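Residues per chain, in single letters:
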Amino acid sequence: MRHKAAATAVASIAALALTACGSSSTSAGDGGGSSNTGPLKVGLMYSQTGPSSETFKETGKAIEARWKAYTDSNGKCASRQVSFVDGDDTNTPEGALSLAQKFVQQDKVDVIIQSTAEFYGASQYMTTDPAAKKVPVFGGGYDTNAAYFDKSNLVFPALAPTSYKTGYTQPGDFFKSKGVTKVAGIAYNVASSAGALDQAVKSFKNSGIDVAYQNDKIDYGSKDVAAIVQGIVKSGADGFYTTLNPDTALAVLGGALQAGVKFKAIEFPIGYGPELLASQPAVQASQGVTFGTGVAPYDLHTPATDALAAALKKYMGNTSGLPTFAQTQGWISGDEFIYALEKAGCDATPTQIAAALRKSTDWDAGGLLAQPRDFTSTADPKESCSYLVTLKGTDFVPESNKPFCGTAIS
Amino acid sequence: MLAYLFAGLATGSLYAVAAGSLVITYVASGVFNLAFAAMAYSIARVYYELHVVHGWSILAAAVVSILVVAPLLGALLYALLFRFLQGGSTLVKLMATLGLSVALPPIVDLIFGKLADVTAVGLAPIPLHVFHVFGSAINADQMMMYGALVLVLLLGTVVLRFTDIGLRVRALVDSGALTSLSGTSPSQVSMGVWAVSATLAGLTGVLIAPTSGLSASGMTPLMATAFAAIVVARLRSLPIAILAGLGIGVVSAVPQNWIDPNGTFAEYFIPSVPMLFMLVALLIFAITNQAGDAQSGGALDKAISVDGGDSSVAPSHGLTIGKLPMPLVLSTVFVVVVAILPQVFNVYWSGLAAHGIVLGIALLSYTLVTGEGGMLWLCQISFAGIGAIIVAELSTNQGWDPLVAAVVGPIIVIPIGILVGVLTIRLGELYVALVTLSAGLLAQTLLIGADNRWYNWGSGTIVSRPSWAADNKTYVYLALAVFLVIALLVINLRRSTAGLALGAVRWSENGAKTLGISILQSKLFVSALASYVAALGGAFIAMDWGTTKPESWNPFNGLVWLAILMTLGSRSVMAALLTGLMYYLVPGIFQTWLPHSLGDVPTVLFGLGAVALASHPEGAFAQNAAQIMARRAKRAEKRAAPGGSSVPAPALSAPALTQPREESSVGRHV
Chain A
600 MRHKAAATAV ASIAALALTA CGSSSTSAGD GGGSSNTGPL KVGLMYSQTG PSSETFKETG
660 KAIEARWKAY TDSNGKCASR QVSFVDGDDT NTPEGALSLA QKFVQQDKVD VIIQSTAEFY
720 GASQYMTTDP AAKKVPVFGG GYDTNAAYFD KSNLVFPALA PTSYKTGYTQ PGDFFKSKGV
780 TKVAGIAYNV ASSAGALDQA VKSFKNSGID VAYQNDKIDY GSKDVAAIVQ GIVKSGADGF
840 YTTLNPDTAL AVLGGALQAG VKFKAIEFPI GYGPELLASQ PAVQASQGVT FGTGVAPYDL
900 HTPATDALAA ALKKYMGNTS GLPTFAQTQG WISGDEFIYA LEKAGCDATP TQIAAALRKS
960 TDWDAGGLLA QPRDFTSTAD PKESCSYLVT LKGTDFVPES NKPFCGTAIS
Chain B
817 MLAYLFAGLA TGSLYAVAAG SLVITYVASG VFNLAFAAMA YSIARVYYEL HVVHGWSILA
877 AAVVSILVVA PLLGALLYAL LFRFLQGGST LVKLMATLGL SVALPPIVDL IFGKLADVTA
937 VGLAPIPLHV FHVFGSAINA DQMMMYGALV LVLLLGTVVL RFTDIGLRVR ALVDSGALTS
997 LSGTSPSQVS MGVWAVSATL AGLTGVLIAP TSGLSASGMT PLMATAFAAI VVARLRSLPI
1057 AILAGLGIGV VSAVPQNWID PNGTFAEYFI PSVPMLFMLV ALLIFAITNQ AGDAQSGGAL
1117 DKAISVDGGD SSVAPSHGLT IGKLPMPLVL STVFVVVVAI LPQVFNVYWS GLAAHGIVLG
1177 IALLSYTLVT GEGGMLWLCQ ISFAGIGAII VAELSTNQGW DPLVAAVVGP IIVIPIGILV
1237 GVLTIRLGEL YVALVTLSAG LLAQTLLIGA DNRWYNWGSG TIVSRPSWAA DNKTYVYLAL
1297 AVFLVIALLV INLRRSTAGL ALGAVRWSEN GAKTLGISIL QSKLFVSALA SYVAALGGAF
1357 IAMDWGTTKP ESWNPFNGLV WLAILMTLGS RSVMAALLTG LMYYLVPGIF QTWLPHSLGD
1417 VPTVLFGLGA VALASHPEGA FAQNAAQIMA RRAKRAEKRA APGGSSVPAP ALSAPALTQP
1477 REESSVGRHV
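Going line by line, the protein sequences match chains A and B. Counted from 1, the first sequence has number 821 at position 222 by the numbering used here; the numbering is strictly sequential. Counted from 1, the second sequence has number 884 at position 68 by the numbering used here; the numbering is strictly sequential.
Since the hints were derived computationally from the structure, they do not count as laboratory data. Just so you know, these numbers come straight off a predicted model, no measurement behind them. Treat the hints with care, as some may be off.
[To be verified] Within a straight-line C-alpha distance of at most 27 Å, the following computed DSS-like cross-link-like pairs (lysine-lysine) qualify: (1) K913/A to K667/A; (2) K640/A to K733/A; (3) K991/A to K912/A; (4) K930/B to K660/A; (5) K750/A to K958/A; (6) K775/A to K913/A; (7) K912/A to K930/B; (8) K930/B to K991/A; (9) K912/A to K660/A; (10) K913/A to K1454/B.
[To be verified] Residues of chain A placed beyond 10 Å of chain B at every Cβ, according to the derived structure: (11) Y724; (12) Y741; (13) K775; (14) K781; (15) K863; (16) M915.
[As the list claims (entries may be wrong)] Listed next, with one range per pair, are the computed distances between beta-carbon atoms: (17) W1216/B to D749/A: 47 to 53 Å; (18) G859/A to V1238/B: 46 to 52 Å; (19) F947/B to T727/A: 55 to 61 Å; (20) D963/A to G871/B: 26 to 32 Å; (21) R1451/B to P729/A: 52 to 58 Å.
C-beta atoms are modelled at their ideal positions from N, C-alpha and C, and glycine is treated no differently.
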């Protein structure tokens, strides 16, 4: 113990010197095999440790399950050899960057499939480093970063990116259908959260709903909810829309309800899934909340959702059938890769796979997405669709068996 | 307005309970417990497990978690950690408790598992009963919070001031030795204090969890806001801490009755309220000359202490290899090993080495300001973040050469460093720590991590390396060269007149004054230099990563940097380099060769390393040097003894370790 700290450090460095010398090359251009037509090495980027890792930890298994299901069903390109390299981004942007560097420089992966909220930490590297920018990145898309809006790179988020500049009629239409006349909107003072609220505010105004209280200056991590509640009370709002994290959003909602506010509609863009049902306090606090989701909810029981549930039961042991966020997003991200491979041809190189996907406009993850994904454009689409489910008791009840679609507000 | 007043009181009560509990702990133990949020989370997690997961009643779950598990946790932590902190320096106390705060939550998560949804319940039954007071709704959880405030106030004032137990506790803080002479067992009293402190932490955790969420990362910022109230209370006054906590809530809330919550004023004013409270209080303290640290331990305690002098001084006096000083030889070997790394590492591991070396540059700022200057600044990472922004602006946006931008640009922060120095120069160590931590948090919120021209959706602004050092291998050598230049500067500073003056000031400010040394001048000099070095490090980190990384400069990350550095030695420049390398290479080892399920282990290890400071405050480098000295002394005595008979070796508290040492020997702190 006496020499532990110093000895450990020296031993670590010595061990590294012996074991980390797979290549003495120092070129920054040691990337994956962009011209590889043989077995594909796929890096899986998601959060296995860190504060929110519980939400993401099954992602890797879900991606691999998608590939296993594909090969078991003798899919068109099932004969292409694919191996997976598991990686942990530690639930931090810095961890995502470090992992991307490992994938490119050490593992020399051909493709990365990410399903993480931290990819923005790696996006600069993946689009500017000479080696990294040859490695296609599929999946994810629930963070926001500039790479998602640039068609010249090889980054293909599974979920359509939004610049938040365009408002769509959908949230306004939904709130209006519920009889809302005044709405309160709350967001963090970070670009994606505030941008999403701004989009919704445009929609509410377009629908003739008065935005009685708007606050997108909440410091991320702030727990100062009482004054916000008072602002909502004072505004007389009868509708509530927020892009805050669910626990803080529920604290605001609870305060407003206790203060006697009667909401006709409450919408959280995130929070749908069995994770919420696993938390008794969250279930109690979320009664009547409508959640948005870009993926068909299990509760609709469409062929696509039933197929997903069956596959998760078979390959991941999910007995409830209700897919977790990680399972859904991992599955979809894996599906995007398979779709791109089929489009490009089964012996395509990673570069060719990326090029084929860039020309695609019809991928919908086997019917799971609310609308087909158009990879030819990174501009905001003319139409935006999402499903809406409302928590009643312990059930998520779909508001409709079809997605709610809204057109861009000019 | 009344409604906003009550809203402010509701939020303020969260800060007040946290601040009150921290003050009681500090008054009763002399330790400012940075692990308070981690302890609060741990007990709240136990409560959640019993009540929500296993369906226990609120009362049963609360009694077991808050009144049984929490005191046991406090007693256990006393036995393992806190008992070693008595008589330790403020820095060591802070870093050891910080280490605990880093290590404890992952351990709790290993036991209970992580939560995907952190929504929590408090002590009131669901659905919450709502009381209407002057038109404002106050729910049962908030009523519980007010009740807890009264309890904390009673405990802190009545028990501590007017009971025999309180008298013993206060006596122990004043002088453990004299308390012991009076027939009271200091260890029993201390254990009791920590049991009560953990109980308060647990109560606080359970009460704030419905608002903060059941996570350490949610509770920590809330506690950080409470630091302002604690400073206002001069660390000791419980009623003022509680009033200040409530005041912060009220001042944050009431203006929202008139201002646009979506306006720029609200965006900047509301997060700044705790800092404003702090600044006003400091101004008053400065005017009234009341901002020194309270002294714990009496003359007898100091006289019988086995430690003495400056615990950060390495006892390597006289150690040689051949004719050369041992630290110099070992350091040279270490630098050579680091220089060889790019030759044997692949591009990825060379990249990790580069990350570590540039972090080492930034860490040298701690070596300067804390190791040499004796100032406990916790905002160095913020200077580094500003350095990253500066190099991005100058090189990427203004077209400067990256290296010129990285070296020249950080000069901009020097006035900021001097300003921080001027504002904190008269404060006690703990005040300095809390003020600089709060300032760093504010800088992160309003500038470094804010949605501005350098933010770019969190990806940051691209920062290029110099074109001739674009590859990892060359960049390692560039970074190492810069590190060595700064390291030599630090060593030369230590040996210079200015450095000796700093050493005198660090040893005894009053003594230095009698020698005619200007404390202000000495400290401002090192403040300016340390700020520049931190920003220089930040600029090199940004060039290394290729981006400004706007979300990576949180002062809590900086605390972890400092904790690891302290574990190895705050005054050793080589410790800074080793800390940087360990910070990236150890997780790299886990990422590459070990199961990802063990991914939290490096965090726990770094935390436990800092906890170990409690028993070895000098850090691993100095500790190893002391042990080598002791072994050599023992061998020499064996040789000298007639017939080779063994003679007991002198204890480690020999004069070489306990007396003030002159600091002119070459390479002592290399």
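Check your understanding: Taking the closest pair, is the beta carbon of K781/A still more than 10 Å from chain B?
Key -> Given that every Cβ of chain B is farther than 10 Å from that of K781/A, nearest at about 15 Å, it holds.
Review point. Taking 52 to 58 Å as the hint, is the beta-carbon distance of R1451/B and P729/A inside that range?
Key: 57 Å, holds
Review point. Taken at face value, is the distance from the CA of K913/A to the CA of K775/A at most 27 Å?
Key: 42 Å, violated
Review point. Y724/A: least C-beta distance to chain B exceeds 10 Å?
Key: Y724/A not clear of chain B: closest Cβ-Cβ about 6 Å, inside 10 Å.
Review point. In this structure, is the beta-carbon distance linking G859/A and V1238/B contained in 46 to 52 Å?
Key: For G859/A and V1238/B the Cβ distance comes to about 51 Å; the hint holds.
Review point. Do the alpha carbons of K913/A and K1454/B lie within 27 Å of each other, as the hint requires?
Key: Given that 27 Å is the threshold and the Cα spacing comes to 72 Å, the pair is violated.
Review point. Per the stated criterion, does the least C-beta distance between K775/A and chain B lie above 10 Å, as a non-interface residue requires?
Key: Given a closest Cβ separation of 23 Å, the condition holds.
Check your understanding: K640/A and K733/A: Cα distance at most 27 Å?
Key -> This hinted pair holds, its Cα atoms lying about 14 Å apart.
Exercise for review: Compare the distance between the alpha carbons of K750/A and K958/A with 27 Å, and conclude whether the hinted pair is satisfied.
Suggested key: 11 Å, holds
Check your understanding: Within a Cα-Cα threshold of 27 Å, do K912/A and K660/A meet the stated pairing?
Key -> 13 Å, holds
Check your understanding: Keeping to a limit of 27 Å between CA atoms, is the pair of K912/A and K930/B held or broken?
Key -> 23 Å, holds
Check your understanding: Quick one: are D963/A and G871/B within 26 to 32 Å, going by C-beta?
Key -> At roughly 43 Å between Cβ atoms, G871/B and D963/A fall outside 26 to 32 Å, so the hint is violated.
In terms of the numbered hints stated before, the structure departs from hints 6, 10, 11, 17 and 20, listed from lowest to highest.
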